[in-house]
Amino acid sequence: MMEMNALESELAQRLVDSLNLEIAASEIDPQAPLYQEGLGLDSIDLLELSVVISKQYGFQIKSDDPDITHLFSSLSALAQGVAARRTV
Amino acid sequence: MTTHWQSLPERSNAFWLQTITWIALRLGRNISRVLLYPITAYFLIFQNQTLPASRRYLRKALGRNPHWRDIFRQYHTFACTLLDRLFVLSGQDHRLTIEVHGLDVLERFASHGRGCLLVGSHLGSFEIIRAVGRTRRGLRVKALMYGEATPQITRLYRSLNPALHEDIIPVGGPATLLGLDEFVADGGLLALLGDRCVSGDKRLQCTFFGEPAWFPQTPLVLSQILKAPMMLFVCLHTGWGRYEVYFEDLADYHPLARPERQSQAGQVMQRYAERLEHYCRKAPYNWFNFHDVWQPGEP
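Chain order of the listed sequences is D and L.
Under this note's numbering, the letters of the first sequence match residues 15 to 102, in that order.
Under this note's numbering, the letters of the second sequence match residues 51 to 349, in that order.
Heads up, a few of these hints could be off.
[Stated by the list, open to error] Pairs of lysine to aspartate or glutamate residues, derived as EDC-like cross-links and limited to a Cα-Cα distance of at most 16 Å, are as follows:
id	chain 1	residue 1	chain 2	residue 2
1	L	K252	D	D56
2	L	K252	L	E310
3	L	K252	L	E348
4	L	K277	L	D302
5	D	K76	L	E232
6	L	K332	L	E294
7	L	K277	L	D236
8	D	K69	L	E232
9	L	K332	L	D120
10	D	K76	L	E216
11	D	K69	D	D31
12	L	K277	L	E232
13	D	K69	D	E24
14	D	K76	L	D236
It should be emphasised that the hints constitute simulated quantities derived from the structure, not laboratory data.
Bear in mind that the values here come from a model prediction, so they are computed numbers and not experimental data.
Based on the provided sequences and hints, a complete structural model is requested.
Spelled out as structure tokens, the structure:
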């Protein structure tokens with residue numbers, strides 16, 4: 015498994031805390047898809063995750079976002095998206 | 051909940067919608083009224099997989115063994131609401147008489163500029179709520195739709211009313227729900243079904259007509275994520291083209307720690323089940339949930 019960078023670790027911890035996942039943050043594979051197979055999140059979990067991101071990093075992810083598939087394709091992709099778009 | 055289990059009503063829904071659309075839009079309302087009887091008979095004879103669930107429900111709601119005419123009446127009422135749904139979708143809801151109770155509860159939220167969840171059901175017509183939303187200016191309603199996203203139904207809805215179609219949010223796909231937090235914070239109303247569990251839903255059992263039945267945790271979970279109170283609504287078909295809509299408070303929003311969600315969902319959904327039972331007794335033939343909600347199983 016690949017090492018996580020600081021932002022990936024931070025996001026992994028927020029994921030586990032906010033979605034009450036039964037997995038340790040350090041056990042999340044940064045390359046695995048977040049939705050369904052992989053981390054096993056559903057559309058309601060992703061809504062909750064987007065609310066957490068909006069609150070913590072100051073940007074909204076909308077359903078018509080052109081990068082949507084990429085953002086949720088892995089923890090690593092999400093971290094890159096947060097790094098590029100964060101306002102706080 | 052297998053795929054087969056979910057695909058059942060979709061197929062019959064598609065059949066119904068196509069048949070009734072053709073009749074309503076080509077032949078007019080009065081002829082469709084007459085033809086709804088043979089269509090109902092056809093459905094009972096050839097599309098009868100849902101009869102056991104129907105009998106089980108009617109036995110509870112009527113408090114006696116259902117006769118064939120009870121089952122006929124239930125399916126016929128369903129057909130009437132599908133017909134009326136077409137009039138709502140094609141913007142002809144002025145043809146319907148809709149009496150609304152408890153609108154003050156709804157407008158209280160609207161006056162605070164804060165949205166809420168509207169927890170509906172398979173009792174009566176879920177769709178007519180959109181007519182209410184449209185006739186009351188300033189009420190914006192989006193509806194979560196489960197298991198109705200078959201291509202032919204989606205095409206039919208879109209062709210009837212492209213603008214209204216945008217307010218339907220199909221459940222499924224990673225991104226479908228994103229942005230609902232802004233919509234509700236901005237005063238939008240989000241309608242969803244409180245008596246249907248779909249695969250992936252966390253579900254729990256509540257007492258419904260004296261026996262444990264399955265209900266989703268989704269309303270409480272969404273209420274927590276969107277920080278929105280919950281209201282219950284039903285829209286009962288009470289006669290040809292006539293509906294009675296009831297809104298009532300279901301639960302206020304209080305922030306909960308994550309582990310408390312499940313027990314709170316149990317309480318809220320039990321209250322929902324009791325109110326639903328009340329309305330089922332009031333309008334027993336309006337039950338269009340043709341799945342057996344009392345089926346045993348694991349959460």
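Violated hints - listed by number, lowest first: Going through the list in order, the structure violates no hint and respects every one.
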